[in-house]
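With the hints as constraints, model all of the structure from the sequences given.
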Amino acid sequence: MSLKTKLLLLITLGIAGSVGTVALLIEERAHEAFRNIELERTATLVDQFHREFQHEGNEIIHGVESIANSDSMLRTAMELSNGADVGAYVNEAQNYAQAQRLDFVDLIAPDGTIISSAHWPARFGYKQRWFLDRSGPLPQEAFLRHVETAQGNVLGLLCIRPVKTHGADYYLIGGRKLDSVIQTLSPPAGLRVSIYSSPEQGQGEILGAAKDSVPLDKIMPLIQDAMQQRDASKTIDWGPGLLQEEIVHAIALPGFSPDRVPAVLLVGNSLQEELTLEKRIRNISLVIAGLGVFLGVLISGIITTRMSRPIRDLADAAAEVGHGNWGVRVEQSSKDEVGRLAAAFNHMTEELMAQRERLVQTERVAAWRELARRLAHELKNPLFPLQITVENLLRARENTPEQFDEVFRESTSTLLAEIANLKTIVGRFSDFSKMPAPQLQSVDINEIVRAVVQLFQAQLTQRASKIEPDVQLGQVPPVSADPVLLRRVIENLVLNAIDAMPGGGKLTFRTAKDDKFGIFELADTGKGLTPEECERIFTPYYTTKQHGTGLGLAIAQSVVIDHHGRITVSSRKNQGTTFHVELPLADGMGLEEKKTNAAGATS
Amino acid sequence: MKLSRSRLIAAASLLVALCAIASASSRPRYGGTVRILLHERFNSLDPLGDDDHPAARDRVCALLFDTLTQMDAQGRAHPRLAASWRADSGNRVWYFNLRLANFQDGSVVTAPDVVASLTHRNEGWRVTPVDQQTVRIEVPVGIPHMPELLALSRFSIIKRSSDNSLVGSGPYKLNAWQPGERVALSANDDYWGGRPYPDNIEFQLGASLRDQLLERQLGQYSAADLAVDQLRPLEQGNQNVQLSRPSDLLVLLFLQPDALASSARASRKPVDPRVREALSNAINRNAINNVILQKRGIPASGILPQWLTGYEFLFPGGTNLDRAKELRSEAAGLVIINPIALAYDFSDPVAKLVAERVAVDAREAGIVVQPYGEPHVANKSARAGMNADAVLLRLPLESVQPAVALAAALDDMGLADPTTAPLNAGRLEDVFELENKSLADFRVIPVAHVSEAVWLNNNVHNWLQGPAGDWNLDQLWTEGGR
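Chains as they are written, first to last, in the numbering used here: chain A, 1 to 603; chain B, 604 to 1085.
Quick caveat, the hints were computed from the structure, so don't treat them as lab data.
For glycine and all other residues, C-beta sits at the position ideal for the given N, C-alpha and C.
One thing to keep in mind: the hints can contain errors.
Sample of chain A residues lacking proximity to chain B, with all beta carbon distances greater than 12 Å (derived) [stated by the list, open to error]: (1) Lys164; (2) Arg230; (3) Gln272; (4) Ala512.
Residues from chain A that face chain B, not an exhaustive set, calculated with beta carbons under 7 Å [said to hold, decoys possible]: (5) Arg123; (6) Phe124; (7) Gly125.
Given below as structure tokens:
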């Protein structure tokens, strides 16, 4: 994966992550804001309910007190206490209830016997003692309680007042259904109010408009929490066909007895609007995020292209340097780190060039010094006999002519020999300097090896210390080489090996191949080389022999390198030395060879 | 002291004049219109047909149509259209001799007319004319009280014309008829018993309690029938109120006979007899009588009132809540006890209150009774299709002859059984046995006997109300006449 792709991916991920985080934060904030609004709306509605509850309670108190304090009621109570027939008053409560617009009115005797009941006229004569059994004074405020009617228990807001007589007190209980309180509420859109009525006996039920749309099984846990005298709220999914999700707050409503909650106020806040808005915000966030990511990718693509181009140029230039092109330069397009890197790269290549130049010059000087040393050494050896011979010749002129002639003949012969020797030395140096460029062609290395072996066969076997050749030729495809130069290399290596085995031994010729190269190895069983000698063996004019120019292996290395090959040496002291030559396979022949191999494999 | 002659003459003249005035105010006068308010509505004037309020209808029909006989307050039969009658020794064949009378269309009442009318009733009797003035009635089983039976309005002699209009021979002729609203009658000048005093009698039907009070206060009406809960303020206001003896029967009637228990076609299963008995034990009849009926009735344990038969006290009718609970528990171990749907006349507030009280009392015994208002509770044919387990009926006492009264009551309840027909009972003991048998399975649970009440304007005279609450308006006259 390229740097540009990595950068692009990284920036894209960064942008997407950032935009996603922002979108999430917005959604979370929006959710929180909606929840706050919902809580405020609920609190407002609950306040309104409590106000209406209080207002309704005050109206009921007023109505009941009006009845209790009316002359007719006082007269009725007096008559009853004087033993009047209670049957005559069985319809009294209904008249009072109509007059005060009350749903419930009970006129009750001191012993709790119902004298008249507006909401259940037929219940006269039965006892109603729940308020008489209470310890402490009667409550002055209105309170919630379930009222028994012919239709069942009905949740009512009630007030109780005594009607004073000279004897025991009569009682008047009046009230209204709690439904009417709910009906007076005007909840804003999305809110709804209902009351769960929990009678002491029998099943509870939901009052209000939501009666048929609230599945009790889903809301009962919440109601039970509220019945434990603590307010509770819960998000309830009503399921398909209903109002979907709704936050329902359950608030316990206290009743006549402090030990028991007769009803729970349920305020439902539909999440439909909130969910719709949240969905819209989410969609907008997604669109913005998508656009942001798209633009981010686009811009980051441009930026990364611009950012990565100098780096890519640097990488290309570095590769060029790796290939030996030290003169490559990169453009310094900016002053940032990349620009400084480009400048440093250019400076580095310039330094490399300078150092190479200096190295070359140093090596050249060293080479010249070595050449001079070798030349001096090589030339000094023939010069000394020449000097001696000339001095002998000069001294011989004082001898007899015969003696002089003899000395002259010997001296001239010596001079000619040494001059010939000098010519040979000069010729070798001339050959080294005139190393020709190889004429590459497809060459069978095994054939050359065989020719060399044949050439040296007699020399190897007919000497006093016999050297036994061992030829191990493998299947080697043709190599790309100059046959003349390659043969000279092998001959040179053979001559060195012969020199290395003055006491005889075994000389092994071995050929092989790998993927790209044809391989030739020549191993002797001579005295071997030290590691230091191995390092310097290919240095021109370096030799371990008493009489050598030190150019043979240098020439061999030069030839192999000119063939784009490689020559190495490995040796172990007193065990022998092995030269390892790799030459590139000829392409065409290589292909052919490969085809042949492939055909063999398929057959 | 010695008075002068002239002063004596003047005093005598004044005395004569005062006597004349007093005599004039108490002497019946012809003319005038008697306006009567009835709080119940009826939609037919045929006494043989079913109606939602047959008792109110029969009050009007008694003025339009004659019967062969009529009853006095002591339960004795007297001639009406029939001048005389005789029977064979087994009371199976009866002969009725008709008096000379005309229908209101001018035609003479003949034996074939009577035969046609009685045959229309289709009691299974063989009715034949002997001659123009004699009718022979042959019944399968002897009926000792045939004359008392024929005094019932359901045996009115009616000539039915081809257009289905009804013509009677009563003292009043039909002048105007708006079903359910108003009936206007005019005096029949040719009535065999003599022209009635008022020129007209008008009935206003379905007047609400509020309307009645308003109309009475206006004084435009001569009379109004009253519910018991209306009596107290009127009596306290010294208004003229006439009360009958506690005659009407307030009764719970279970509609499904036990024989239908195994019938899959029955819309509702019969209520278990133990539950019915439990309900009878649970009902606090005294509370109903004392409070709801304002002590204008008596707790009932039988179909016929104690004052009529003398044996009602023999039937158990007290409240026994423990026994009721015991019976209910017993029944619950054997059958599923469903709520009892109790229908009452929705136009009768007293019936509503009684039904609700029954429900309250039943609740104490663990029995659920669901009262609801129905417009056709008293209509026998409508009851057959009613989706109720029981109905609360107010049945008038149609005769002061116990056997006839029991037969009429059972017939009104749809419980008439030819094999146990009380009409065949000659003795009171037989009537008791039959009534006891009718009450044994608690399909009929008597609640109270209630008095009939009527308010009368002071300008109305000779308004006679029988012990059973029936109206005898033969001698009725009003001061607005000539």
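Of all the hints given earlier, name the ones this structure violates by number, lowest first.
Of the numbered hints given earlier, the structure breaks none, since each of them holds.
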